[in-house]
Structures are given as structure tokens and as C-alpha cells.
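Those protein sequences? They're chains Z and L, same order as listed. Sequential numbering from 131 applies to the first sequence in my numbering. Sequential numbering from 3 applies to the second sequence in my numbering.
To be clear, the hints were calculated from the coordinates, so they are not data collected in a lab. Some hints could be false.
[Stated by the list, open to error] Facing chain L, a subset of chain Z residues (Cβ under 7 Å, in silico):
| # | residue |
| --- | --- |
| 1 | Glu168 |
| 2 | Ser173 |
| 3 | Met182 |
| 4 | Lys223 |
| 5 | Ala234 |
| 6 | Lys237 |
| 7 | Ala238 |
| 8 | Pro241 |
| 9 | Leu243 |
| 10 | Pro253 |
| 11 | Leu257 |
| 12 | Lys310 |
| 13 | Glu314 |
| 14 | Ser358 |
| 15 | Leu360 |
All C-beta atoms, glycine included, are put in the ideal place defined by N, C-alpha and C.
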Amino acid sequence: MAEFRVRRFDGKKSYWQTFNVPAKKGMTVLEGLYYIKENLDSSLAFRASCRMGICGSCAMRINGKPRLACETQILFLGDRITVEPLDNFTVIKDLVTDFEGFFAKHKAIKPYLIREDVKYDEPRELLQTPKELNEYYIFTLCIKCGACYSVCPAAATLDGYLGPAAMTAAYRFCADSRDKGKKERYEIVSSSNGVWRCHLAMECSEVCPKNVEPAKAVQLLRRRTAFSILKSLLGW
Amino acid sequence: MRVQHDIVIIGAGIAGMRAAIAAAEKSDRLSIAIIAKTYPIRCHSVCAEGGTAAVLREGDSFDLHAWDTVKGSDFLADQDAVEFFVRECPKEIIRLDNWGCPWSRNDDGTIAQRPFGGHSFNRATYAKDRTGFHEVHTLYERMLMYDSVVIYPEYFVTNLVIEDGSVQGVSAIELKTGNMTFFEAKAVIFTTGGAGRLYGFTTYSHQVTGDGLAIAYRNGIPLKDMEFFQFHPTGLIPSGILMTEGCRGEGGYLLNKNGERFMKKYAPEKMEIAPRDVVSRAMWTEIIEGRGLEGEYGPYIALDLRHLGEEKIEERLPLIRDAAIKFAGVDPVEEPIPVKPVAHYTMGGIHTNVKCETAVKGFFAAGECACVSIHGANRLGSNSTAECLVFGKVAGEMAAEYALKAKQGKISREFMNKEESRIYDELLGKSGDESPYEIKRELNSTMDKNMWIFREEKGLKEAVKKIEELKERYKNIEINDRTRGFNTDLMMAIEIGYMLDLAEVVAIGALKRQESRGAHYRLDYPKRDDENWLKHTLAYYTPEGPKFDYIPVMITKWEPVERKY
Chain Z
131 MAEFRVRRFD GKKSYWQTFN VPAKKGMTVL EGLYYIKENL DSSLAFRASC RMGICGSCAM
191 RINGKPRLAC ETQILFLGDR ITVEPLDNFT VIKDLVTDFE GFFAKHKAIK PYLIREDVKY
251 DEPRELLQTP KELNEYYIFT LCIKCGACYS VCPAAATLDG YLGPAAMTAA YRFCADSRDK
311 GKKERYEIVS SSNGVWRCHL AMECSEVCPK NVEPAKAVQL LRRRTAFSIL KSLLGW
Chain L
3 MRVQHDIVII GAGIAGMRAA IAAAEKSDRL SIAIIAKTYP IRCHSVCAEG GTAAVLREGD
63 SFDLHAWDTV KGSDFLADQD AVEFFVRECP KEIIRLDNWG CPWSRNDDGT IAQRPFGGHS
123 FNRATYAKDR TGFHEVHTLY ERMLMYDSVV IYPEYFVTNL VIEDGSVQGV SAIELKTGNM
183 TFFEAKAVIF TTGGAGRLYG FTTYSHQVTG DGLAIAYRNG IPLKDMEFFQ FHPTGLIPSG
243 ILMTEGCRGE GGYLLNKNGE RFMKKYAPEK MEIAPRDVVS RAMWTEIIEG RGLEGEYGPY
303 IALDLRHLGE EKIEERLPLI RDAAIKFAGV DPVEEPIPVK PVAHYTMGGI HTNVKCETAV
363 KGFFAAGECA CVSIHGANRL GSNSTAECLV FGKVAGEMAA EYALKAKQGK ISREFMNKEE
423 SRIYDELLGK SGDESPYEIK RELNSTMDKN MWIFREEKGL KEAVKKIEEL KERYKNIEIN
483 DRTRGFNTDL MMAIEIGYML DLAEVVAIGA LKRQESRGAH YRLDYPKRDD ENWLKHTLAY
543 YTPEGPKFDY IPVMITKWEP VERKY
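Generate the whole structure from the sequences, applying the supplied hints.
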């Protein structure tokens, strides 16, 4: 038996509730939550989809740390487990938080290839070597689960701050050899809500379930935007 | 609340987002809504792993891809649809490249391809083993470029509105508030995915409960070929998580307890990369005949990748390695992966023609929820993401053309009242003594037992009886969570109702089809019977249960022959 302490929220008040879940080897926290929903209290609300660590739905605070519930084994945590919604997001109900702002920030950095040939009636294969692919590939692995954002001290104090996930996406496209939109994106990420607000706490990289290293993306963007500003100041 | 758009798309996976982009590109005068019960990038399409089929290179040809597909389908695919499909696939691959998809590359910078089951050319285009994930993110991000596309995430669609033979819109619960929204539209596209959660041991995400199929079916639109359910050979034990066919495409072996590559007995030429129905049956036979390995979750087959070496596994199959370690405690670099066949794909779906049109004007369907049909009795791996791209685009364009001429859909006050009362009074407000989750558990175990890889009359009759019993019990369910906002209890109870209807169609369709073809294998009728059964099944809803009809298969170039691999 594992004891699940779940932080619940009914729209007005927040409270803790404890459930006993028969846990066996291999069982994940997400399966534990489904056990509760299907057997003990079906009003418990949480998000889940792929249950294989690729869709990003089920990020939550588990024993104090943001993780994907679907790939966290109960027995690795011991028999007392606390489950809470992510920090830095408004809670809607129980473990479900509001992601609207998070996705709006992702959209704000123009996360798509910017090219002149924007209509592709007769698409033509663009060449990209494995080396060019590797320049940005690691940053494509972000699943937008929000774990990084939930531990970001800059996001905690500044509502409009773009946050690690959005800036990782910005770097991902700037570093893609097929993209021509660097200048537009540098302007966005070097604004007052962008890369210079980052505290370099590095916690985002630490908690990322996909090992994406958002902090590194921010560093690389800082270097590039600084160089770009310098270039325009010097009229190069 | 009432909202108006020109086109409303339900489902935001590969097919839905591709449709939205196609419609937006067709005309910037159209307002397009894309509605999904998850956020778009949380869709099940992200789980697609191994590849997307397309003829890209010299030595391959459209005829060869079409022939592989038709033969793979056990000749139940419509050949005109297949011929159209294979010609469109390469354009979609290159469009995704132009839109930023990080395809895996050859050293010269061209897009790389790898072998896949049942294909006689290496035509599975891939982005490591996260092909679906990268396609979804590429499409989602591209979709953000279009101001005419409005995303409605976390809206759960409850019904389709049809009046005078044409579509008027849909009703949906906004999960966040629990309020019902009525979307009025000139055209509606369903891209809601398959129904894989009918089964207990499955590769599908939790939300793939066949909602779109059931809603269309209940509104009089027939479902086609639902008895054909695909089993993927390699589901990770115990979770069912997919171990991509790319594992075998890259050279992985399947071994029984004697360490034998048993596929040499069943498909001597293609071995491990024979089509999925052939490999699944072979594995299940090994298990039934006592040659599986023994594990704490019962007998299994070993998927051995060790000889590929760490470098290749990391380069081509990183997700597989990660998942095997996290979910089964097995590092494939050092140990074989424990697998067994698993429910994986819904070959049947909403009956459409090659233009994604249905019997109802203005109502289109594409992707896994539709049955065009290009997969027939057995889909080849890497043809499904390709299908979602190709027919997503077709549906988007067709809906756009239709919407540019049609008049705005209208939903009557009467329908609104009735739908709100059906959901909030009849379902949410009702007291009963059945748990919907218990009903789902029993449904899952019936499917896993009686509608698995091998079927026979006795088991299928048992299943039909059980499903009828569960439908009766479902009338007496109680939903404990009586609140409105983010009521997933209500949503799941509705989903389970949908699943019961679909399971009934699968079971009776399978009972009626007295032959073995593709994924539908009857122990009591082990031969394919072209004389009587070279035809599509159509299931129509009636309150007493499904009524069946049959229509011919379209043959263009390829007469059915015996299938050998």
C-alpha cells in the first residue's frame, strides 16, 4: 500500500486528501491516480493522455518536484507520496492548471520556420546535413509540459516573462539552417520579458523530463542577441 | 453559448491540424475552429514512432507502394483510394520538411528512410523514433501562423447537429467551465482518431475512446469495416506502450524461449518485417503453444536489439530505449525487451469516399476515425501518419470549397435545450448503482478475451451477450462528481457510453464475417473467402443495435491473390 496525499482544489478552497493505493512494482503515479479515480473518488481531476512520457499532459509536483506522473514509479518514491499541481500556474481544479498563458507565450516567439517562400504549391526538398540537424535537435524535444516554467524564479515574479520553454522554442528555430527569421525572433526574446530577465538559476534544465536544457538555450540566445545588437550598433 | 465559424474541425491530431492548415491556405476569408478534448500537442498522434511512408527515391515507385498497401490490406482496400494516396504522400513529407520537421537525414542532407513491415522498399521517412511527435509539433506550430484558425482546447464534443441532410454544427462541453457551447458551421470535419481504449492491453493514449465514431454512428452515418482491429506485434509488458516496428526495421529479432527466430517458420522471406497481422499471429501462436518466455505478467516474446549496438540504438531508437528502461526496467542495449501483441489501430471508421465526404452534406472525416478505405483488413506500418497528412489535407480543402458556397449552419433552440438536458439532467443529475469504471473494466476484459488476435463463434457470441448486458447496466450509472468545472468524471462516463456502442459493432461485425482476412482471423473459418466476403461491412445505428449492409471493394489494377511473405 502506498499513501497518496493529494492537494485538491474545488474552485474555492484548497485542501489535502489522503488515499491508500495498492502499489506494486512497475506501477506509476499516474496509474495510482487512475486507481483513485476509478475506485475511491471519481471527482479527482487530473490530465493525462499518452502515459509514455511524450505528450506532456501529466506534469505535476510529486514529492515536491515537478515530474511526469506517467513515468514516475511509485516504488522509487517510497510508500508516502505527495501530489500537487504545478507552481507558477493558476489552478483550475485539483491537479489541473491553466496553460493558456503558457501556450500564448510559445506562440509569441513565432515558433515556425520563417521563409520568403511561404506558400508551397510545389514543395521542394530542402537539404540539411545531420550536423546541421544536430545544431538544434535537442531543443525540438520540448513537450511543453510546463515543468521548467513551474520552477522558474523569474516566471514566479514576473507574469509576462516568456519563460524557459518559449525561449527554447525560439532558439530551436533560430538555430535551424532552414530558417530566415532570426532577426524577428531576436527582437522578441531580447525585449523586457525575454532572455535578460532570466536569473540563471538553471532549475529548468534540472527538472526537464526530456533533458532539453532550456537554460542552455537561453544562454545561447543571449550570446546571439547581444552579438546581433552589437552588429546593428556598429552598422555591420 | 453559441459560436459561429465557417469550418469546425473536431480533433487536433495530425489529420485535424493538417486539415486546418489546408483550409486556411485555401482561402483567408474562412474562419476555422479546431476543437479538441486535449490541447493540440497532447493528441495521440504524438505517440506514432517509426515512420511515415512515401515514395521519395529512385528504385521505388507509386505502383510498388500501392501494391504493397493493397496486398498488406488482404485486398480489402479500395484501390482507387490507394493509388491517389501514394501519389500524395511524398508532397506531404516535403511540405513538413519546409515547415520545419526535423526529419532524420542522410549524410548528403537528403531526407532519410528506413525499412518497415510489408513494404518492399525502404520508404518509411522518420524523425528518429519520434516521428509522430515531430509531425504534430511541426503542424501545431505551422498552424499558429494562421490568424484565421481559432483553437478551442479542452472542449469535449457531445453531439453533431444534422438537419435536412446537411450538417449544422456540433455541441461541446467547455471543460474548464463545464458549460455547453454550440458551434454553428457550414462544414464540420471529424478527425477524432480511433477507438483503441476498447481494449485493456493497448498502445493507445487514455483519451482515444472513439467519441467521433460513436457520435457519427448515432447520427445515422454508417461505420465501415469496424471488425478489423490491428494488433501490433510489440507492445511493452506490462504497460502496452508501443515498441516501434522500426525496432525490427532496423534489424531487431523476435525470439521465443528456445532463443529461436521463429519468424522463419511463418514468413521465411520477410521474417520480422512481415506485416503486422502475420507477425502478431506468429507471436501469439508461439505463446499459445508454450514457447513464450515466462515473466511475472505471463508469457512473452523477446525483442532483441542487442546486436544493433548502443550507438545505433541511441541514434535510431532513443525513445524505445528510454521507455524500456523507464517502464520495464530493461535496457535494450543489454537485455531483450519483453513484448507481446497489443491492440494498436482501428482499421474501420466513418464511411467516407476518397474526398473525405460522408453521406451528410458538409460533414467530412479524415484520419483514423475515417475509413476511406486504404488499409482494408490490415494496415501497413507507416501508412497511418501518411494517411492523416494526405486525407487531412483533402478534408481541409474539400470543407473549404464547400464552405465558400454553403450557407451558415443553424442550431435550433430546441436542439440546444434537448442536448443540455440530456447531458446535465439525464446523465449528470441521475442516481444509479453502477460505476461506469467497472463497466469499462468488464468491457476491456471482454475485448481482450473474445475479440483478440484469434476469434471464433463461441467467444464472439459471448462477447455480444456481455456487451448487451453492459449496455443495460450503463443505463443505471451514477456520476459522483456533480460539479460543472473540469468534470472529468462526467466526460469519462460519456466516453464509456460511446465505447459500448462501438464494441457492439466490432463484435457483431466480427461474428458475421465468416472468413479470415488480415487482422480478422476466425479459427472456425481460417481461409479468406473472396467469393462471399470480398466486401466492406457497413454498420448502421438503430436503438435495438446495429444493422448491417455490405458494399463492394473497388478493384482497379490488382486482382486478389494468395498473400505470402
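task = Sort out which numbered hints this structure fails and list those numbers smallest first.
result = Of the numbered hints given earlier, those the structure breaks are 5, 7, 12, 13, 14, 15, listed in rising order.
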